[in-house]
Each structure stands twice: as C-alpha cells, then as structure tokens.
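Peer 1: Given these sequences and hints, build the entire structure.
Quick mapping for you: the protein sequence lines, in order, are chains R and X. One point on numbering: in the working numbering, the residue at position 240 of the first sequence is 257, and numbering is uninterrupted. One point on numbering: in the working numbering, the residue at position 218 of the second sequence is 235, and numbering is uninterrupted.
Since the hints were made in silico from the structure, they are not lab data. You may find that some hints are simply not true.
Note that the list lumps identical chains together, so a pair holds whenever it fits in one copy or between two copies.
[Claimed, not checked] As a list, the in silico DSS-like pairs of lysine-lysine whose alpha-carbon atoms are at most 27 Å apart:
{"no.": "1", "residue 1": "Lys49", "residue 2": "Lys68"}
{"no.": "2", "residue 1": "Lys266", "residue 2": "Lys49"}
{"no.": "3", "residue 1": "Lys266", "residue 2": "Lys28"}
{"no.": "4", "residue 1": "Lys49", "residue 2": "Lys260"}
{"no.": "5", "residue 1": "Lys86", "residue 2": "Lys28"}
{"no.": "6", "residue 1": "Lys68", "residue 2": "Lys28"}
{"no.": "7", "residue 1": "Lys260", "residue 2": "Lys86"}
Listed below, chain by chain, are the residues.
Number of protein chains: 2
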Amino acid sequence: MASEETSQFLKQSAQLREAVDAALARYIDFDKGCPSQLRKAIRHSLLAPGKRLRPILVLLAAEACGCDKGRAMPAACAVEMVHTYSLIHDDLPAMDDDDVRRGLPSCHAAYGVATAILAGDALLALAFQVLADQIRPAEITCRCCAELAAAAGATALVGGQADDLLAERTEGTLSHLESIHSRKTGAMIYTSLRIGGRIGGASNEQLAALDTYGRRVGLAFQVIDDLLDARGDEQVLGKPAGKDQKRGKLTFPGLLGIEESERRAGLLIDEACRALAPFGDRAGSLEALARYVLERNR
Amino acid sequence: MASEETSQFLKQSAQLREAVDAALARYIDFDKGCPSQLRKAIRHSLLAPGKRLRPILVLLAAEACGCDKGRAMPAACAVEMVHTYSLIHDDLPAMDDDDVRRGLPSCHAAYGVATAILAGDALLALAFQVLADQIRPAEITCRCCAELAAAAGATALVGGQADDLLAERTEGTLSHLESIHSRKTGAMIYTSLRIGGRIGGASNEQLAALDTYGRRVGLAFQVIDDLLDARGDEQVLGKPAGKDQKRGKLTFPGLLGIEESERRAGLLIDEACRALAPFGDRAGSLEALARYVLERNR
Chain R
18 MASEETSQFL KQSAQLREAV DAALARYIDF DKGCPSQLRK AIRHSLLAPG
68 KRLRPILVLL AAEACGCDKG RAMPAACAVE MVHTYSLIHD DLPAMDDDDV
118 RRGLPSCHAA YGVATAILAG DALLALAFQV LADQIRPAEI TCRCCAELAA
168 AAGATALVGG QADDLLAERT EGTLSHLESI HSRKTGAMIY TSLRIGGRIG
218 GASNEQLAAL DTYGRRVGLA FQVIDDLLDA RGDEQVLGKP AGKDQKRGKL
268 TFPGLLGIEE SERRAGLLID EACRALAPFG DRAGSLEALA RYVLERNR
Chain X
18 MASEETSQFL KQSAQLREAV DAALARYIDF DKGCPSQLRK AIRHSLLAPG
68 KRLRPILVLL AAEACGCDKG RAMPAACAVE MVHTYSLIHD DLPAMDDDDV
118 RRGLPSCHAA YGVATAILAG DALLALAFQV LADQIRPAEI TCRCCAELAA
168 AAGATALVGG QADDLLAERT EGTLSHLESI HSRKTGAMIY TSLRIGGRIG
218 GASNEQLAAL DTYGRRVGLA FQVIDDLLDA RGDEQVLGKP AGKDQKRGKL
268 TFPGLLGIEE SERRAGLLID EACRALAPFG DRAGSLEALA RYVLERNR
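Peer 2: Listed below in structure tokens is the structure:
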C-alpha cells in the first residue's frame with residue numbers, strides 16, 4: 018500500500034476511534050445501583066486504549082452501504098462491549114491467565130477475579146441493552162441482536178474459546194486451528210460488518226459480500242497476531258509476547274512456519290478486497306483497513 | 018390458603034415447569050461448533066431441577082393479560098437462561114464458592130472453573146438470541162430485550178451481586194439489604210412479569226401493577242429464602258443451609274429477627290396480591306403463586 022493511502026487511513030481510523038471512545042464513555046456513565054469498584058473495573062477495561070477494530074468495521078460497513086456512520090454508532094459500541102467482555106473473561110486465571118491487556122493491568126489483576134467476572138458479565142448485558150434501546154427500525158434491531166448473540170454464544174465466541182483452552186494440550190491440525198479462530202475471532206468480525214450493513218440497509222448480495230470480507234480479514238488478522246507473538250513484538254500486540262509458544266498453544270506459524278503464514282495472510286487479504294466489488298468506490302476505507310492488517314506485520 | 022387451592026396451584030405449576038423444561042432442552046440442542054464439555058455443562062445447569070419461578074411468572078403474566086401462554090414461552094426460557102447464568106457465576110470459587118446447586122454439584126464443581134464461566138457466558142448470550150429470534154412484533158421484542166438486559170446488568174443483577182459480596186464484610190442496614198435484593202433478585206422477578214405482560218399486550222396500568230406485584234413478591238421470596246437458610250431447611254432450599262450465618266452474610270432474620278421477618282413477608286405478599294386488582298379474575302394463578310411463596314416457610 019502506498020504510504021499516502023496508509024497515512025490517510027490512519028488519520029481516518031484515529032478519528033473514528035476517538036468518536037467510538039467518546040460514545041463508549043457515555044454508555045457506562047451509570048446512575049446509582051452500580052457499585053463504585055464495579056464501575057471502575059468496567060471503565061478500566063472498556064476505555065483502555067484499543068484498536069477499536071470491530072466498532073470501526075461496523076461504522077465502515079454502514080458507510081459502504083451509503084448510510085451516515087452516526088446511525089450505527091450504538092451498534093459499534095455494542096460490539097466493542099462484547100469484545101471487551103470476552104477479553105476480560107479470557108484473561109482470567111482459570112482461562113489464559115494474562116496479567117496485562119492493552120498495555121495496562123488486565124481487569125482481574127487490577128480489581129480482583131470476582132469483580133472482573135462481574136464487569137465482563139455487565140458489559141455483555143449492556144451490549145444488548147444499547148442495541149435494543151438505540152437502534153431502529155425494530156426489525157433491524159432484532160436481526161442485529163440475534164446475530165450479535167449468536168456471534169457471542171456457545172457455537173461461536175464462547176465455543177471457540179473453550180476449544181482454544183483444550184487446544185493448548187492437543188496436537189491439532191490446520192483445519193482445527195481455523196475452526197477455533199473462525200469462531201473465537203472471526204464470528205465477531207464478520208458479525209460487526211453484517212450489523213453495520215444491516216443498519217445501512219444492505220441488500221442480501223451486499224450482506225454476503227461483507228460476510229466474506231469479514232471472514233477473510235478475521236482469519237488474516239489472527240495469522241498476523243500469531244506472527245507478532247512469535248516474533249515478540251509486544252508494542253504492536255499490547256500484551257506480553259512469546260506466550261503462545263511457552264504454553265504449547267496451537268498457532269499458524271507453529272503449524273505452517275513463518276513464511277507460509279505470511280503468504281496465507283496476503284492471499285486472504287486479496288480475497289477480502291475482491292469481495293468488496295458490490296460496493297464500488299464506497300468500500301475504499303474497508304479496503305484500506307484490510308491492507309493495513311498486513312502492514313501491522315512489517 | 019385452603020389446601021385445595023394449594024394443590025391446584027401445585028398441579029398447574031408442575032405442568033408449566035414441565036413445558037418450560039421441554040422448551041429449554043430444545044434451545045440448547047446446539048449444532049456443531051459447541052464443544053462437548055461446554056454443551057454438557059450448559060445442559061447440567063440449565064436442566065437441573067429448578068422451581069422455574071421466573072419463567073412461570075412470564076407465562077402467568079401473559080395469561081393475566083388474556084394472551085395464550087405459548088406465545089410467551091421463548092421469553093420464559095430466556096429469563097431462565099439469565100437466571101441460570103447468574104447462579105453458575107455466583108457459585109464460582111471467587112464469588113460465593115458453592116459446590117452444590119439445585120441438589121446437584123454446581124457447574125464448576127462438575128466441569129471446572131473455566132468451563133463454568135463459559136457456560137454462564139453462553140447462556141447469557143443465548144437468552145438474547147432466543148428473545149430476538151422468537152418474539153414478535155419487533156417493537157415488543159426490543160422492549161423485552163432492553164428490559165432483560167437492564168435487569169441483568171451493572172445497576173441490577175450484577176451490581177446487586179457485587180454489593181452482596183462486599184456485604185459479607187460490612188455491618189449493613191435494612192435499607193442496604195433491601196437495595197441489594199431489589200437488584201440481585203427483585204429486578205429479574207419484576208422484569209419477568211413485565212416481559213410476560215408486554216408480550217400479552219398489557220396496558221401501562223397493567224404493566225405498573227405487574228411491576229409492583231413483582232417487587233413485593235421478589236422481596237418476600239428473599240426474606241423466606243433467608244428464613245429457610247437460618248432454619249437449615251436444605252431440602253426446600255436445594256443447597257446447603259446455614260452458610261449465610263457462617264459467612265456473616267447480611268440477612269433479614271439476622272437484622273430483624275425471625276418473627277419480624279415472617280411478619281414482613283406476610284405483609285409483602287398481601288400488598289402483592291392487592292396490586293393485581295386491574296386483572297380481575299385472570300390473575301388467580303399469580304395470586305396463588307404469591308400465597309405459595311409464604312407456604313414454603315411452613
């Protein structure tokens with residue numbers, strides 16, 4: 018990607034990230050009833066500096082369908098709430114046992130295990146409250162709630178995490194690894210795009226295109242994440258690197274080697290960009306984002 | 018309550034419980050993507066023998082509004098999923114550390130902490146998936162989703178649990194104890210009634226009546242639960258008794274004494290029944306249920 022395109026994409030995504038952060042902060046300004054430790058824990062994790070990849074995908078998918086991005090902002094916040102809840106629970110001692118997240122102490126490291134479990138629970142519930150309260154027309158809201166719940170549920174995010182925990186102790190194949198990531202990371206990514214598309218009034222053809230784009234980008238994103246961990250790039254990762262190998266965790270570089278993993282990531286991004294054809298010029302930002310996923314690895 | 022009324026109520030609620038259990042089992046018959054340990058853990062907790070109080074309240078509230086109970090069944094299942102998720106997480110070692118629930122090993126005792134956390138997470142998400150998929154018209158669905166999410170969230174169920182954990186180490190007052198229970202138990206109970214009412218087409222006056230009934234019954238239910246624990250009635254409780262006192266937990270008998278707690282429970286149930294006036298004869302089952310909450314203590 019030319020460096021001018023990169024810098025333009027970085028500028029746009031920084032603006033979107035700022036808008037998302039401001040909206041997120043408003044949604045967790047609870048009235049009384051939320052104990053102060055719980056409120057602080059939710060704030061600590063939700064407002065920690067993140068890439069905001071999923072909310073940005075919601076907003077850009079809505080834009081690609083010709084819709085004002087602001088209309089999709091509540092849904093963008095909802096997907097970030099679900100993502101943050103999953104990070105809080107994944108980091109727990111009984112799960113991945115990570116003490117650092119997004120460059121800060123993880124939620125349980127800062128507030129204790131009980132509060133961290135509850136902060137995650139509260140964020141998962143809040144995501145549906147925001148969607149159901151703020152997105153209209155109601156038929157679209159119902160589709161968005163059902164798809165977000167499915168992406169967060171036993172056959173997607175939660176199921177992928179459960180298999181990922183087991184995979185630390187198994188040999189594993191490429192298809193098993195892809196199945197874990199399509200559920201653990203992929204589902205939330207393509208669902209973010211579909212939700213943005215639905216709010217933007219996407220046709221069925223456009224929804225299918227967003228779905229394909231999301232599945233390819235999601236998998237590429239995970240391959241790159243594994244590469245960054247293998248190389249020990251803690252700054253880009255925002256968490257300690259090299260842990261995958263120490264745990265004997267199933268990874269793409271571990272199964273395919275570094276070069277083949279890089280080649281696959283490149284192919285996936287090419288396929289993702291080709292899927293955007295039905296949107297014409299309006300998908301420029303989504304294309305730039307896909308190309309940038311590769312850039313993270315350089 | 019006359020013993021004929023009691024036996025009629027018990028017969029009806031056993032039928033409803035059976036219908037709820039059958040519907041719950043259908044919703045967790047996941048297709049592939051859900052690892053088998055996770056599926057077993059969800060099944061273990063969701064289908065354990067429970068009173069099904071909240072789903073029965075959904076169904077009876079819909080009936081009181083003149084609606085066929087079957088139309089509210091998906092919502093009845095959704096509230097039971099949220100309730101079961103909260104029991105699984107409350108039982109965790111980092112929270113209340115309970116090894117027995119509903120007469121069976123608690124979820125983490127049977128399947129480990131990581132799987133129990135994930136089983137709870139999956140049930141919370143599934144509740145919204147079922148509501149959003151199965152309840153129509155869509156405007157009603159949105160109100161039901163938003164109210165259920167609020168009842169499960171940081172200012173209600175989760176906030177109440179967070180304060181309850183702290184309350185084990187504080188002196189506490191009656192108003193603090195009531196505030197904990199109105200969030201931890203009460204919110205899900207009056208929300209179950211409101212959701213059933215909304216699906217049944219309740220007027221605003223009827224919704225307010227269901228809300229009042231729910232708040233009174235919910236608090237009475239908690240007072241009785243504390244009394245059963247204080248008396249050591251493990252069979253009615255379905256879990257080990259006497260734990261509240263051992264932990265120095267804030268309870269109604271601890272604050273008010275046994276007699277005054279009993280008197281309050283009776284007054285709350287009387288108020289609950291009076292609130293049902295706008296429904297006339299159609300609220301007979303709700304009234305019988307309220308009276309039966311007191312019976313548990315005899």
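Peer 1: Each hint should be assessed against the structure and marked as holding or not.
Peer 2: Going down the list of hints, with the structure as the test:
1. Lys49 - Lys68: neither (30 Å within a copy, 31 Å between copies)
2. Lys266 - Lys49: between (43 Å within a copy, 23 Å between copies)
3. Lys266 - Lys28: Cα proximity of lysine 266 and lysine 28: none, with 35 Å in one copy and 53 Å across.
4. Lys49 - Lys260: neither (40 Å within a copy, 29 Å between copies)
5. Lys86 - Lys28: within (16 Å within a copy, 54 Å between copies)
6. Lys68 - Lys28: Close inside one copy (13 Å), not across copies (56 Å); limit 27 Å.
7. Lys260 - Lys86: Classified as neither: same-chain Cα gap 38 Å, cross-chain 53 Å, threshold 27 Å.
In terms of the numbered hints stated before, the structure departs from hints 1, 3, 4, 7, listed from lowest to highest.
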